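**Q** Residue numbers (my numbering), protein chains in the order written: chain R, 1 to 453; chain V, 1 to 371; chain X, 1 to 167.
In short, the hints are calculated from the structure, not lab data. As the structure is a computational prediction, the values presented were derived from the model and not from experiment. Among the clues, some could well be false.
Below, in silico cross-link-like pairs of lysine to aspartate or glutamate (EDC-like), each with a Cα-Cα straight-line distance of 20 Å or less [stated by the list, open to error]:
1. R:K400 to V:D281
2. R:K433 to R:E408
3. R:K433 to R:E376
4. V:K165 to V:E293
5. V:K236 to R:D212
6. R:K349 to R:D435
7. R:K433 to R:D371
8. R:K400 to V:D158
9. R:K438 to R:E408
The following residues of chain V were derived to be distant from chain R, with all beta-carbon distances above 10 Å [as the list claims (entries may be wrong)]:
10. V166
11. Y211
12. V222
13. E233
14. W274
Derived DEER-like restraints, expressed as beta-carbon distance ranges [to be verified]:
15. R:Q255 to X:A61: 23 to 29 Å
16. X:W31 to V:V62: 22 to 28 Å
17. R:D434 to X:Y50: 48 to 54 Å
18. X:G131 to V:V62: 51 to 57 Å
19. X:A36 to R:Q255: 23 to 29 Å
20. V:P189 to R:Q255: 54 to 60 Å
21. X:D72 to V:D91: 25 to 31 Å
22. X:C129 to V:E80: 30 to 36 Å
23. X:Y50 to V:I20: 27 to 33 Å
24. V:P237 to R:L19: 45 to 51 Å
25. X:I42 to R:A247: 25 to 31 Å
26. V:A17 to R:A247: 37 to 43 Å
27. V:L111 to R:I232: 32 to 38 Å
For each residue, glycine too, the CB sits at the ideal point set by N, CA and C.
Below are the chains, spelled out letter by letter.
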Amino acid sequence: MNYPFWDVPVLSGGGVIGLIAVYHLLIALFAVGGGLYLPIAERKAIREGREDWLRVLRRHAKFFLVLTAAFGTTSGVGIWFAIGLANPEATSTLIHNFVFGWAIEYVFFIVELTMAAAYYYTWDKIDRGLHLKIGYIYAASSFLTLVIINGILTFMLTPGETWLSVAGSGNEASVFWYAFFNPTYFPSLVIRTLIAWSLAGIWALVTASRIDGFAYPGLKKQIISWSAKWLIPAFVLVPFCFLWYLAMVPESNRQLLDLGISTIGQGTFTQVTRSALITVMTSATIIALVYFVAVRNSRSFNLGWAISILLLALAATGATEQAREMLRKPYVIGDFMYSNGVRKYEVAKFNSEGYLAHSIWKSKDTSSMTDVDRGELMFRGQCGACHTQTGYRGMSVLLKDRDERSIENIVGMLHAYNDDSPYRKYMPPLVGKDDEMKALVAYLKTLPAKPAK
Amino acid sequence: MDASLSQEPNRGRRTLAAAIYGWVDERLDLTGLIAHAREKAVPEHRHSFWYYWGGISLFFFVVQVLSGILLLVYYRPGPEAYESVRQITYDIQFGWLIRSAHSWSANLMVLAVFVHMFSVFFMRAYRKPREFGWWTGLILLGLTLVFGFSGYLLPMDDLAYFATKVGLEIPAAIPLVGTLVTEIVRGGPEITDVTIQRFFALHVVILPFLYLPFLAIHVWLVQKHGNALPPSEEAKPEPERRSIRFFPDFFAKDMGMWLLSLNILAILASLFPWQLGPQADELAAAPQGIHPEWYFMSQFQILKVFGRWFPGAVGEFLGIGLFTAGLIIWAVIPFIDSRSASGSRARTAFYIGLAALLGLIAITIWGYWEL
Amino acid sequence: MINESTIKEIISSQGEDEPEGEDMSRRSFLWMGAGAIGAVYIGAIGYPVYRYLATPAERAAQAAAVTQTTLDGADKLPVNTALMFKFGTKPAMLIRHADGTFSAFNAVCTHLGCTVAYDTAAAKITCACHGGEYDPTSGSNLAGPPPKPLTRFNVEVQDGRVTVARA
Chain R
1 MNYPFWDVPV LSGGGVIGLI AVYHLLIALF AVGGGLYLPI AERKAIREGR
51 EDWLRVLRRH AKFFLVLTAA FGTTSGVGIW FAIGLANPEA TSTLIHNFVF
101 GWAIEYVFFI VELTMAAAYY YTWDKIDRGL HLKIGYIYAA SSFLTLVIIN
151 GILTFMLTPG ETWLSVAGSG NEASVFWYAF FNPTYFPSLV IRTLIAWSLA
201 GIWALVTASR IDGFAYPGLK KQIISWSAKW LIPAFVLVPF CFLWYLAMVP
251 ESNRQLLDLG ISTIGQGTFT QVTRSALITV MTSATIIALV YFVAVRNSRS
301 FNLGWAISIL LLALAATGAT EQAREMLRKP YVIGDFMYSN GVRKYEVAKF
351 NSEGYLAHSI WKSKDTSSMT DVDRGELMFR GQCGACHTQT GYRGMSVLLK
401 DRDERSIENI VGMLHAYNDD SPYRKYMPPL VGKDDEMKAL VAYLKTLPAK
451 PAK
Chain V
1 MDASLSQEPN RGRRTLAAAI YGWVDERLDL TGLIAHAREK AVPEHRHSFW
51 YYWGGISLFF FVVQVLSGIL LLVYYRPGPE AYESVRQITY DIQFGWLIRS
101 AHSWSANLMV LAVFVHMFSV FFMRAYRKPR EFGWWTGLIL LGLTLVFGFS
151 GYLLPMDDLA YFATKVGLEI PAAIPLVGTL VTEIVRGGPE ITDVTIQRFF
201 ALHVVILPFL YLPFLAIHVW LVQKHGNALP PSEEAKPEPE RRSIRFFPDF
251 FAKDMGMWLL SLNILAILAS LFPWQLGPQA DELAAAPQGI HPEWYFMSQF
301 QILKVFGRWF PGAVGEFLGI GLFTAGLIIW AVIPFIDSRS ASGSRARTAF
351 YIGLAALLGL IAITIWGYWE L
Chain X
1 MINESTIKEI ISSQGEDEPE GEDMSRRSFL WMGAGAIGAV YIGAIGYPVY
51 RYLATPAERA AQAAAVTQTT LDGADKLPVN TALMFKFGTK PAMLIRHADG
101 TFSAFNAVCT HLGCTVAYDT AAAKITCACH GGEYDPTSGS NLAGPPPKPL
151 TRFNVEVQDG RVTVARA
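So that you can see chain R by itself, here it is in the shape it has in the complex:
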């Protein structure tokens, strides 16, 4: 292990990634969908001679440019900073495999940004045909960034047999395209495209809500009705695509979905299932609100409603992404690297030679340290990816009602990692020599919240 985990109190590194990622996704998918929305709407307006539409679209283009170029790009870079800190081993694997992919994406990204700026600033200044072409180039390049990044994101859940057969050999990059076009690549690409398409409609409603519906009722009604139609493809097709996606997910991960239903048996759904249900519910609400409040009541549809719909979209996106991340457990890269950065093939080595002996990041000699201090190093190395001491998935709460004996038991269970262990489904094994396990237990015993006096 080359690096420790980024110790973020309360939130955990994963939480930081999650917050940035959901925010980024809402804008990035809008950049893709909106890239198509603008030129298509512009073309329609020009053909049908709707000058009033063009004014609204120009305002939308400005809003679009500011949102995607300023907030979208910075948050995108933010994700890379965050994942590099929060899960360095996984990031390193991704870079070793996909550095070429990122290079391609970067090219499209530069084209995309340039065209977005050109599109807005040349409005009414150049020939309309040429202006439209700029719009389409923007749309194509921004869609291609999705095409690329989708390969890398889906790789993490399903790297595919071919890549796994060379994983760890140093020749991983030779099977780049197998890893890229992995089993979940296409269903995921279709779903993301559909979502991008519908987000373009939702963000267009934000712009449309600013039109004074009492002064321009016809214009507002038309733009809202036309934008609302952008939600239809996703509404009709996403449920089917989701089944297709699930069919491509390995059986073991799929089991995680109904873990709550079948094994715990109390109806205490796992987070994955709860998140998925929230996605379904919020999506249904979005459709209902868009139809009944926006389309049927266009005149008085205001910014507050548009923002509410946007926040529902945020909840739906956030819940979906969380479900997708959780689905990957116990791995960060499917069947190759556990979520705490331990590679599957390293487990035996760490168990016999010691985990801390292979942790380059701890500078001091650990032999003279107390058990508790060494245990803390173990915790930071192996637990910190998902757990904090007192915050998100905090150990002080999780261990609250456990006595010392049961802390030993649970560490022992995670270390043994037997085939029938229920934890296998979502937690990685704890690796290390017996004395390291003892040290970890000693540290964990210091964490449970003491009852208030």
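For this one, chain R is given, so just place chains V and X on it according to the hints.
**A** What follows is chains V and X alone, placed relative to chain R:
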């Protein structure tokens, strides 16, 4: 049989539906009701957002009734109270979800009722002819708070026990009759299963029995007088005022608000399920910083600081007196600000409202700060 | 390019009062959409509520699905007596005959569902409700109204434990 029924199934279905509608319509005059709803107009302006809060409060009340009925299926008041809530939370399938929905919805309802009250106040919607709407609203608010207080004890975990214990200090501070009234409510000097039984009767029988008629009057009054215009709209000449039809336009948005509320509730209840603490033990020391629910925090804090400044019965008397005086002013505000035009009396009312709102928020924050 | 009058013209030509030309396919699509959304809500709320209310029934079904149960120390049961116990959710009886062998039955009378008892004096299983009688070894209905024999369980004795299992 009608020949068209077999030839054109679609048309047949429609005539059947029309026949049923016609049958009901003849007796209940649905057409007249819908026509009336279509004629009704709801003002549309910058402050229209606040019109939805009464409906949102009503939605959470409906959730309370339905989830409460579901909890009744397994809840057992008396000595087994804690055990039955434990079963609901950990044993019965989805019991945790129903209970979380009930608890979250209770808090959201209190919040919505407060927002509704202050928005009505600042729109000066208590003026003639809406005084009775204001008073029934205050009664409903009071009942809502008692609902919250009585429901909080029912799980009988340690938080519920101690929060109720300190919460009952508020009525106990009433001069002369306080102790007596409190002991009647509590069923003795200490909180026991007798108290649970009483609170249960209060929570599921007495309070709904009182609440529903006032709710009916309140809603009927809104329907009778329509939505009040805020002063900024009243100032506009008639032709510049905008409005939308109650049905289907406002109704669709109102239902949209209900859906939004349902989504917020679902997210809170499923991702942040309500916890159940250890069983209450009257011999155990109270946990640090024990306090009543957030909506009683201001009263609790006022009693606390008055008790500190004026030890003994004087402090209690002053604390309760301050609250009672505030409540009386709040109730008679339609008389203080009775003119329709905006004048100095309207300004006075506005400052009273502002003082009440900021005061409540500040004292509540102060209370949490001191824990 | 655009002046105020053209805008006004466009607006006036696109008033709110455009005819509601909803053809059947559009209408049925909307109905389908509304139905789908409604189904999502009914499912998301109805499923947990159903499971919540059905829990006791499900538990009972699980308990009834019990195929065997172990009775500790039942081998010390005196001869010519019976031990009543619960098999799943239903009452059952273990009888020790005079020769020391065991028989076990579902103790629900096949007539109207009363719980039967072992009559030590007559060495018979009797039902107090309507006077039904059963054979204590085979469970066959000897007298009275019972239409069928009692359901018999297999009994196995090992290391001081008596295991009763569904036949």
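**Q** Next, verify each hint and record whether it holds.
**A** Evaluated hints:
1. R:K400 to V:D281: holds (19 Å)
2. R:K433 to R:E408: holds (15 Å)
3. R:K433 to R:E376: Holds: K433 (chain R) and E376 (chain R) sit about 15 Å apart, inside 20 Å.
4. V:K165 to V:E293: holds (12 Å)
5. V:K236 to R:D212: Roughly 18 Å between the alpha carbons, so the hint for K236 (chain V) and D212 (chain R) holds.
6. R:K349 to R:D435: holds (15 Å)
7. R:K433 to R:D371: holds (13 Å)
8. R:K400 to V:D158: Holds: K400 (chain R) and D158 (chain V) sit about 16 Å apart, inside 20 Å.
9. R:K438 to R:E408: Holds, at roughly 8 Å.
10. V166: holds (15 Å)
11. Y211: holds (29 Å)
12. V222: holds (20 Å)
13. E233: holds (14 Å)
14. W274: W274 (chain V) clear of chain R: closest Cβ-Cβ about 13 Å, beyond 10 Å.
15. R:Q255 to X:A61: 23 to 29 Å: Given about 24 Å between the Cβ atoms, the range holds.
16. X:W31 to V:V62: 22 to 28 Å: holds (26 Å)
17. R:D434 to X:Y50: 48 to 54 Å: holds (49 Å)
18. X:G131 to V:V62: 51 to 57 Å: holds (56 Å)
19. X:A36 to R:Q255: 23 to 29 Å: holds (28 Å)
20. V:P189 to R:Q255: 54 to 60 Å: holds (55 Å)
21. X:D72 to V:D91: 25 to 31 Å: Distance hint for D72 (chain X), D91 (chain V) holds at roughly 26 Å.
22. X:C129 to V:E80: 30 to 36 Å: holds (33 Å)
23. X:Y50 to V:I20: 27 to 33 Å: holds (29 Å)
24. V:P237 to R:L19: 45 to 51 Å: holds (49 Å)
25. X:I42 to R:A247: 25 to 31 Å: Distance hint for I42 (chain X), A247 (chain R) holds at roughly 26 Å.
26. V:A17 to R:A247: 37 to 43 Å: holds (41 Å)
27. V:L111 to R:I232: 32 to 38 Å: Given about 36 Å between the Cβ atoms, the range holds.
Every hint, counting from the list given before, is met by this structure.
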